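Use these hints to put chain H onto chain V, whose structure you have.
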Amino acid sequence: MGEITQYSYFPGCTLKTKARDLDRYARSCAAKLGAELVEPEMWQCCGGVYPLGSDEIGNKLSSVRALNDAKEHGLELVTVCSACYHVIKRVNDDMANVPDIQTRANNYAQFDEPYKGETKVLHYLELLRDRIGFDKVKEAVTKPLTGKKIGAYYGCLLLRPSKILQFDDPENPSIMEDFISAIGATPVRYQMRNECCGGYRSMENRALSDKLVGKIFTDAKNAGCEELITACPLCWYNLNQYQGPDKLPVRYMTEVLAEALDLLEAKPDPAELDGVSCACMHEAGKEA
Amino acid sequence: MQRIGVFVCHCGTNIAATVDVSKVAEAAKHEPGVVYAVDYTYMCSENGQNLIAQAIKDYGLTAIVVCSCSPRMHEATFRAVAEKAGINPFMVEIANIREQCSWVHKDMEEGTPKAITLMKTAVAKVNLDSPLQEGESTVTKRALVIGGGIAGIQTALDIADAGYKVDIVEKLPSIGGRMSQLDKTFPTLDCSSCILTPRMTEVNQNPNIRIFTYSEVTDVSGFVGNFTVQITKHSRSVRAEDCTGCGICTSKCPSRKTPNEFNRGLDTRPAIYIPFAQAIPNVPVIDKEHCIHFKTGKCGICSKVCPSHAVDYELKDEIIEEKYGAIVVATGFDMIDLHKFGELGYGVSKDVVSSIELERLMNAAGPTSGHLERMSDHKQPKEMVFIQCVGSRCAPDDRRGKTYCSKICCMYTAKQAILIKDHYPDTNIHVFYIDVRTPGKNFDEFYRRAVEQYGVDYIKGNVGKVTPLPNGKLHVHGVDLLDQKDVEIDADMVVLAGAIEPNPDIRKLATMLTLSIDNNNFLNEAHAKLRPVEAATAGVFMSGVVQGPKDIPETVAQAGAAAIKVVGLLAKDKLKTNPCIAEPDELYCNGCSVCANVCPYGAITYVDKEIRDHGLRETRRIASVNSALCKGCGACSVACPSGAMNLKGFTNRQIMAEVDTVCQ
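Which chain is which? The protein sequence lines are V and H, in order. Under numbering that gives the first Met the number 0, the first residue of the first sequence is numbered 0, with each subsequent residue one higher. Under numbering that gives the first Met the number 0, the first residue of the second sequence is numbered 0, with each subsequent residue one higher.
Just chain V, same shape as in the assembly (with noise of 0.2 Å):
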């Protein structure tokens, strides 16, 4: 695939337990199409939600030193899980549009030249496009999913608030659906696609995801879908949590995308999946 660009690679703490498939499949893919997913040494959780006290920057350090870390190493910052882009790529406009944040966060950090949002910060599907290209991204398809009519799920972390995202039309947003007809499928557009899945109010009201979850679905399947994909390990929980009618195969977006470029592999043993974890998901397995 030509030169091999390097790639700072936060992975986040999901992708190391519940959403494995998520990690490994960005990986090996990435690896095939010609870019180096650097992860650096002692990356913390992005803390999974941004916060949004104004006076609060404890739980935005671990973004600011990842976003710090691939500064230093000269990198652009990737990554796949949507929970940590949207609170990594919300921190970084802090740092770069907000004084006093940025202030406060570079006295505490002490890094060797304060950081003021230098680094761009990539998704996935970004680095799929706008670096690798999604025209590369079908020469390297080797089993197109020819034929297979799927709907891509955005959710909601990856759109809005989309003037700091800049991620893609919050209402009509295709990024997803240029991707699945690159590895050959036949995208589905239906309306509920960037309709929220519930987020973390299943951990302590299942049934209103299940509602939420129940009409993305049913819109889903009336427009033709047969499955979904998403970036998202939270959107990925929620709707593989829901048991009603018009269920839908949800599998995350690396997935198709190493079966596309043929790189699949056995699925790992779910025992494996009881090391280290991201305490909300632990908890939230276990509860379902």
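These are calculated hints, taken from the structure and not from any lab test. This list has only true hints and no planted wrong ones.
Just some of the chain V residues that point at chain H, by a computed CB distance under 7 Å:
no.	residue
1	GLU170
2	ASN171
3	GLN190
4	MET191
5	ASP218
6	ASN221
Computed from a predicted model, the values in this text were never measured in an experiment. Even for Gly, the Cβ is constructed at its ideal location relative to N, Cα and C.
Then chain H, alone, in the frame of chain V:
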């Protein structure tokens, strides 16, 4: 040396309360050239004017300074006084000691010294004034109206009725504009085409009016009274003079899959077509992009079946050039592209339609012959949701919508709701709104009829998502802000009242006509309140939505206003031209082109001229100002690196004299 009189006005207490006017007059007496100075209560009154005229005679004044209000208020008044008393009107300077002086300062301690400084600068300037003469230019007694919608039609009719020739240039194959697509009109519910068609016929039959349809303005040069306009008449591939409008060609055309623009793409039309039944002219046009003959060289059926042999594939675009005294821009509007609002399901479901599509669906000449039905399954909708302000009143950084209120949507939504309830009383109608705005004659009464008499359900709030359901319905999820509750409605049809925006062609046209447009592509008026139909370029006027959102009655009123302005211009045999225009000093000019680049009016060209300078005799490229085009804005005199460009009445020397006085 001038003999200067200084006249200080009290403006009642407007000036005198915070400026010691007698001190100003006293100080004036010590300024160079001043031979007379006086203060008076109201200088603009008849007594005040007489006082000035008398002083000019008694003291043999050659120039005057009036210390009063803004020159925008009374410069013309005092110039007229001076002219009557025998001195050149351009030997008058106004020192504005009111707006930015007496009105903004609290007491005489601040006001008086500033007024004295302002008086001194005016005296310094008037000392260097020289008499200027207004020029004259002729007027071509013909007007051009760009756009053949109701705005253009009404403007043309009013100009023609006053006895002047007028041409309409319309881009589409027929005149009629948006109004021809509407079903009924609010608040009286007359049928739109019933009131429009007679006007279209009148235009067609009026001997003073020529119509160029399927034509575009492609170049404009000249100036007020003397515009030269290039009009490109696109080829219809049908000779209008031979065509009888029988329509056989359109019925036999085998290419029938082109979306019908007139019906907003809700049905299709043949490649050779007449846009709608009442089209003027009633002559078909071949859409070359979709015509089999133009694509493949085969077919040719229309030519074979035409009984009068009017179809001619060889016809070419024709470019004509015409002269006009005045131009009216009436290029109208369209609805914004609603595909951007994916969450509302436009483009996702056929049963989500725009308001203007609904007009076609309700119109007897529309794709459903006036029967309201869903485009998906042709069933009559029982549950309908209207969403207002789609793309109107958006935040300034919203990429999809417009910041302004489109003004007409509240009323036409109420109209559509009333008409549907009238025809199909068992229909449930819900209208999501932000505010209902009905400021117009009988407008609020009309809206209240929709609510009270027809029981239309108005919900204050917005819709977040429209999702097609397996049963063919549309799930509408919105919010009721008054009840603070989610609203979920399974609707058969959703109607989006999209924002309206000026026809995008206005950008090209604005460049050609040096018009100023705002961020939303609406034309800017010469003055938002006092010159609402005049463009910043002299001799160009505006009519209809090109200036801002408006409904039909407002458009017609504005069309009349534009027409009377045109008539007022065409009625003149000669136009006076402003003498305060730019003038290059040929000895200093080095032909560098900087002035021409900054000139917003295209008034500067370059000529090769023989210059004699210190015994040298050489031909140089120097700037030349077209006195009819120059507006006297002064941009060139500021930009000129060698100080060669001077604005008459505001020469570099005069400006520097004023600055020197202020800095003393």
